[in-house]
Every structure is written in structure tokens, then in C-alpha cells.
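A.B. asks: So the chains spell out like this:
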Amino acid sequence: MPQQLTRLLIVFAVLTVGLAVSRQMLIPKTFGERGHYRAAAVTTIQQRAVRYAGRQACGDCHTDIVEIHGKGRHQSVACENCHGPAAAHAQSPVDNQLPAPRKRAYCPLCHGYDPSRPTGFPQIDPVSHNPMKPCITCHNPHQPEPPHVPEECGACHGGIARTKAVSRHALLACTQCHATPIKHKVTPRVISPDKPRSREFCGQCHAKDAKSPSEIPRIDLATHGGRYLCWQCHYPHLPEAN
Amino acid sequence: MADAKRNDAAKQQPESASRREFLHTCSLAGPLLLLTLQSTLLEAATGTEKGYQAREHRYGMGVDVSRCIGCGRCVDACKNENDVPREPYYFRTWVERYVINSAHETSVDSPNGGIDGFPGITTEKSILRTFFVPKLCNQCDDPPCVQVCPVGATFSTEDGVVLVDKDYCIGCRYCVQACPYGARFIDPRTRTADKCTFCYHRITRDLLPACVEVCPTGARVFGDVKQRASPLVQFNRFHKIHTLKPHMNTKPKVFYADLDEEVR
Numbered sequence: 001m002p003q004q005l006t007r008l009l010i011v012f013a014v015l016t017v018g019l020a021v022s023r024q025m026l027i028p029k030t031f032g033e034r035g036h037y038r039a040a041a042v043t044t045i046q047q048r049a050v051r052y053a054g055r056q057a058c059g060d061c062h063t064d065i066v067e068i069h070g071k072g073r074h075q076s077v078a079c080e081n082c083h084g085p086a087a088a089h090a091q092s093p094v095d096n097q098l099p100a101p102r103k104r105a106y107c108p109l110c111h112g113y114d115p116s117r118p119t120g121f122p123q124i125d126p127v128s129h130n131p132m133k134p135c136i137t138c139h140n141p142h143q144p145e146p147p148h149v150p151e152e153c154g155a156c157h158g159g160i161a162r163t164k165a166v167s168r169h170a171l172l173a174c175t176q177c178h179a180t181p182i183k184h185k186v187t188p189r190v191i192s193p194d195k196p197r198s199r200e201f202c203g204q205c206h207a208k209d210a211k212s213p214s215e216i217p218r219i220d221l222a223t224h225g226g227r228y229l230c231w232q233c234h235y236p237h238l239p240e241a242n
Numbered sequence: 243m244a245d246a247k248r249n250d251a252a253k254q255q256p257e258s259a260s261r262r263e264f265l266h267t268c269s270l271a272g273p274l275l276l277l278t279l280q281s282t283l284l285e286a287a288t289g290t291e292k293g294y295q296a297r298e299h300r301y302g303m304g305v306d307v308s309r310c311i312g313c314g315r316c317v318d319a320c321k322n323e324n325d326v327p328r329e330p331y332y333f334r335t336w337v338e339r340y341v342i343n344s345a346h347e348t349s350v351d352s353p354n355g356g357i358d359g360f361p362g363i364t365t366e367k368s369i370l371r372t373f374f375v376p377k378l379c380n381q382c383d384d385p386p387c388v389q390v391c392p393v394g395a396t397f398s399t400e401d402g403v404v405l406v407d408k409d410y411c412i413g414c415r416y417c418v419q420a421c422p423y424g425a426r427f428i429d430p431r432t433r434t435a436d437k438c439t440f441c442y443h444r445i446t447r448d449l450l451p452a453c454v455e456v457c458p459t460g461a462r463v464f465g466d467v468k469q470r471a472s473p474l475v476q477f478n479r480f481h482k483i484h485t486l487k488p489h490m491n492t493k494p495k496v497f498y499a500d501l502d503e504e505v506r
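Chains A and B are the protein sequences, given in the same order. Start counting the first sequence at 1; every next residue gets the next number (the numbering used here). Start counting the second sequence at 243; every next residue gets the next number (the numbering used here).
Hints listed in this document are in silico derivations from the structure and should not be mistaken for laboratory results. Be careful, since some hints might not be right.
[Unchecked claim] Computed footprint of chain B on chain A, listed as stretches where at least three residues anywhere in the stretch have a Cβ under 8 Å from a Cβ of chain B:
no., stretch
1, 45 to 52
2, 75 to 81
3, 169 to 183
4, 212 to 226
Treat the numbers as computed from the prediction; the structure is a model and nothing was measured. Where a beta carbon is used, it is the ideal one built from N, C-alpha and C, also for glycine.
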């Protein structure tokens with residue numbers, strides 16, 4: 001064999017071995033197993049931890065809530081929609097408590113009025129709809145129903161009923177302020193219901209020393225408003241918010 | 243003698259009848275046995291008992307635009323589930339609001355992907371129509387992002403999901419540029435490409451993707467495009483379906499129902 005050919009062969013052999021070795025070292029192990037990619041990457045992605053446990057997981061313990069939730073208008077809303085990812089909570093319930101959104105800002109994400117929302121979806125104006133109160137005061141998020149004014153009053157006084165339903169006084173029954181004789185329903189113009197006749201009536205909740213929940217606004221009956229009755233300035237069916 | 247013979251024949255008759263019956267049953271049992279054998283053989287061949295089999299699936303998602311209320315819970319759930327950075331530039335899925343005014347001018351916005359809700363619409367002209375459109379990676383059957391990847395770090399799996407190999411990606415951003423849907427971003431922590439995986443770690447465990455799981459109105463539907471019993475096939479049958487940018491020939495697997503022509 002001529003000398004130059006031997007040298008050429010040696011160079012070729014070195015190149016071939018070099019190529020084989022570098023291929024072995026550079027190309028990842030599972031590359032090309034299933035296609036032009038690293039098959040092991042699929043397994044890595046598959047093994048990521050799950051954070052959202054899924055609807056079935058909640059019913060294992062919270063049977064009572066899941067039962068009423070399944071009947072209500074929110075049945076299509078997953079528990080984890082409001083309570084956040086629950087996989088860790090399902091693993092060890094005591095160590096990982098789930099939050100519940102109780103603030104007023106949360107519900108309008110779905111129910112605040114937006115013209116882009118589909119027609120017929122229940123929406124409210126967060127500025128005027130019973131302002132300042134958290135939504136859960138009146139609405140049970142697991143089984144939401146709009147609060148009803150007693151049909152007996154709303155049948156005739158529909159305007160007042162609708163106004164009151166979105167006001168801060170939504171949860172007060174009509175009869176809380178209006179003592180209504182049963183005959184008012186038979187002869188409404190002859191026998192009329194009562195109206196609060198004194199400032200002290202409103203003061204039962206709003207006076208400085210009243211024994212009512214602390215979030216109710218207070219005034220000093222002695223100095224506020226002089227000789228006028230409360231409802232001569234404040235409309236009790238839609239009291240202004242401060 | 244003759245009487246006795248006849249008696250014998252009479253005695254043997256029931257026996258021969260039972261033999262015929264036996265043969266008859268055999269002829270029936272043969273195919274039955276074959277059928278059962280075949281099904282077990284088939285099962286062994288396809289490996290249904292071996293857990294998740296990628297080849298038997300082909301995933302897709304349906305989006306019902308007329309049901310989306312733009313609450314942004316899907317975007318929030320996606321970020322929670324997949325550790326997507328919370329900054330408002332990184333989204334695997336996001337919700338866009340389209341506002342078309344009376345002059346037929348379209349404006350699109352998506353403040354923080356829709357997580358914090360949408361501010362009031364400010365337009366001087368009256369609104370002609372307005373709606374929300376959830377967007378995500380379209381998991382194309384013919385993905386441009388996979389074509390341009392110089393190292394094979396992004397790929398289509400056997401079940402039709404386009405994934406990114408984070409350990410192999412060199413962060414060159416070719417795929418981000420190639421995606422016609424703007425569905426990809428560079429993760430600022432790893433400096434590698436990232437995108438929607440249809441929650442691959444969930445769907446292979448028989449769970450729904452996080453966005454589908456939390457959607458309160460059922461605007462997102464997830465399922466198999468192949469299997470007839472899947473909710474997606476039913477969704478596609480009962481709605482007029484459009485895909486995004488069909489002229490790009492990417493063959494998307496995210497199907498939109500009631501999609502306005504402004505979006506296409």
C-alpha cells in the first residue's frame with residue numbers, strides 16, 4: 001500500500017472514531033427514540049406536581065357543602081375556582097387551609113356589569129348595589145339566590161321592593177319598620193301601615209350607644225338633624241353609603 | 243326379537259340426539275372462544291392495561307366564545323398550576339376583550355391577561371358588539387414553532403401536544419417569532435421558551451387542564467379529537483366551529499364556537 005494512502009486512512013479512521021465518540025457524548029440519551037426530540041423530556045413534564053385536585057376530591061370530605069352546591073346556580077363553578085388550588089389541602093387538610101374570598105372585590109370579577117359579558121348573565125353595578133357590604137352578607141356563595149322581599153308587600157310596592165333589594169337595608173323585613181295590620185291587604189287605602197314616628201326608632205341601630213353590629217354607621221341623636229325625623233332627610237329604602 | 247330391537251333403538255335415540263346437541267353447542271362455542279381470545283390478544287397488543295398510552299389520544303380544546311364572561315379565573319389557575327411568573331407579560335393563556343364600535347373599528351385589550359377583571363369600556367362612539375375571547379397555544383398539528391427550533395427542544399408528542407424541553411432549549415427565541423398566535427414567551431428565570439402544555443402532567447393522569455377545571459360557565463371544553471364519546475367531539479358537532487388564522491395552514495386543535503369574524 002502506498003504511504004500516502006495509509007496516512008489518509010489513518011486520518012479517516014481518526015475522524016470516524018472522533019465523530020462516533022462526539023456523537024455519543026453530545027447527543028442526549030433518549031434523543032430520537034420517538035422523534036426528533038428527547039423522549040425523557042416528556043416524562044419530566046408528565047411528572048410535574050398537580051396543584052388543582054379536581055372536583056371529585058372535595059366531595060370526599062365536604063359532603064354537606066358539595067350537596068347544596070350541586071343543586072344551586074353555582075353548580076358549574078368548581079370549588080377551586082374560589083378556594084384556590086386544593087391538591088395540597090387534600091393531601092394534609094390541617095396543614096394546608098384553603099382561603100375563602102370574603103371581600104367585596106372578588107364576586108364582581110364574574111358578576112360586575114360589563115357589556116362584553118353574554119346577555120342574561122347575572123350582573124350588578126358594584127357601585128350602587130348595596131355598597132360597602134361584602135356580598136356574602138346576603139348571598140350564600142354555595143347556593144346563591146337573590147334575597148326576596150316578602151311577596152305580600154312586593155306585589156303592590158314593587159318599586160320599593162326592587163330599590164330596597166340592592167340597598168344596605170336589603171336584609172330588613174318590611175315589617176321591621178312598618179307595623180302592618182292584616183286588614184291593610186284587604187282595604188289598603190283605609191287601613192294603612194305604620195311609619196316610624198320618632199328619631200329613637202332609627203337610633204335603635206344607629207345611635208352611639210346602640211347594641212347593634214359595629215359596622216353600622218353611628219350618629220349622635222342629640223346633635224344630629226335637630227328636630228327632623230330621620231327619614232325626612234335619609235331615604236330608608238336606599239340609605240346613602242359613606 | 244324385533245320388538246326388542248325397536249326398544250333398543252328407542253332407548254338409543256335420546257343419546258344420539260344429545261350428541262347432535264353437543265356438536266351444535268361446540269360449533270357455537272368455537273367462534274365465541276375465538277372472539278374472547280381475539281379481544282384479549284388485541285388488548286395485549288395495544289397494551290390497555292399498561293397505564294397511559296400516548297398513541298391512543300389526540301387532544302384538543304373547544305372554546306365557546308358566547309359563554310366566556312371574562313372573569314380571568316382560567317388565567318389565574320394556569321399561573322398557579324404551571325408556575326408561570328406573575329408579572330403581566332407572561333401568559334400561557336389569557337383573555338382578550340374585543341370592542342367593535344359603530345364605525346366598525348375594532349379595539350382589543352387584555353389588561354394583565356384579564357386576571358384582575360376588565361376596566362370600563364371607554365369609547366366615544368357607541369358599541370356595536372363586544373365579547374371576550376380566551377386565547378392559548380393552539381397545539382397545531384403542523385406547528386411552525388417546531389419547524390424552526392434548531393436543536394429539537396420543542397416537539398409534537400404522540401398525543402398531539404406541542405411541548406418544550408426546558409433542559410435542552412437554548413433560548414434562541416426563533417419559536418417565539420414563528421408562532422402566529424403569540425402563544426410563546428421566554429421564561430425570565432430559566433431563559434428558555436415556555437408555552438401552554440394543555441397541562442400535560444394533568445391530562446396524562448386523567449385530570450382536566452387547570453383552566454378547564456375552574457371555568458365557571460363551561461366556556462372551555464377539553465377532550466379527545468379521535469374518540470367519539472369525548473365531550474370535544476360533541477362540542478364540535480353541535481357548534482359552528484372556527485379556528486384562528488386557518489390560512490396559515492397550521493391545523494390548530496383549539497376550536498372556537500361563535501367566533502366573530504373580527505377575530506379570525
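A.B. asks: Evaluate each hint against the coordinates.
C.D. replies: Now the hints, each set against the structure:
1. 45 to 52: holds (count 8)
2. 75 to 81: holds (count 5)
3. 169 to 183: violated (count 0)
4. 212 to 226: violated (count 0)
Of the numbered hints given earlier, the model fails hints 3, 4; all others are met.
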